[in-house]
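Got chain A sorted already, so can you dock chain B onto it with the hints?
2 protein chains.
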Amino acid sequence: MRLDHVGVATQDAVSLAEQYVSLFDADLVHEEAFQGMNVCFLDLGNAYLELLEPTGEETTIGRYLAENGPGMHHVAFVTDDIEDALANARAEGVSLVDEEPRAGAWGHTVAFLHPRDTGGVLVEYVEH
Amino acid sequence: MRLDHVGVATQDAVSLAEQYVSLFDADLVHEEAFQGMNVCFLDLGNAYLELLEPTGEETTIGRYLAENGPGMHHVAFVTDDIEDALANARAEGVSLVDEEPRAGAWGHTVAFLHPRDTGGVLVEYVEH
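Protein chains in written order, with my numbering: chain A, 1 to 128; chain B, 129 to 256.
Worth flagging that the hints you see were computed from the coordinates, not collected in a lab.
As the structure is a computational prediction, the values presented were derived from the model and not from experiment.
One or more of the hints may lead you astray.
[Said to hold, decoys possible] These stretches of chain B come out as covered by chain A in the derived footprint (C-beta under 8 Å, 3 or more residues):
1) 132–138
2) 146–156
3) 161–168
4) 185–199
[Claimed, not checked] Derived contacts from chain A toward chain B, CB cut-off under 8 Å, selection only:
5) Leu16
6) Met72
7) Phe77
8) Asn88
9) Gly120
The C-beta atom is built at its ideal place from N, Cα and C for all residues, glycine as well.
Isolated chain A (complex conformation):
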């Protein structure tokens, strides 16, 4: 498993992407409207940043921003067997947000673990 990306919640993904391109020498490699979000992926060479902008207040990220403000939202780890990774997390006693893998942004397959069982970190498993 490797670190795939850090997800950042923001009210303006394009503006934040422009700043991060300069601050982190990153490349904007993908933009997508996906499930109530406008998503930008920035490539850092060894990993990505995923910028998540809500399309409205009554969306997952819209509610997250209203409660927490902008900033780090989740950390994603890439695996070549997401079913196996989920089974291992379940065996470790970790609550799953997604009991089964589902479609994620950029055509990937994803599943989230509950932060209450992972040290307060919202964890995503992703299979490309």
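Chain B only, in chain A's frame:
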């Protein structure tokens, strides 16, 4: 520049490290007492996780945990010229937590940017 690590604040770095080793197929590669913290680094192959446990309540991480609870604390980007990276951030109008690079954990040189100017993300530049 590449993504170096994600910093996670916790009340028990060793226990969280044990869990993350299993959940993320990571290796615990470094432990250190540093400036009011017990620090663990986990190697994911392409990047690290840095687990930050305070040695007391009246420390930077102790106060952070009292206010925010455990979870993601910062994201670090590695550069081979931290002076240049800081100068660029300053030119972009970003407030600096550290006006000059300083000693960080694991013998690295580090400087933090203020999250109010970077989309709510506490950013660290690190030079190995």
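Against the structure, test the hints numbered earlier, and report the numbers of the ones violated in rising order. 3
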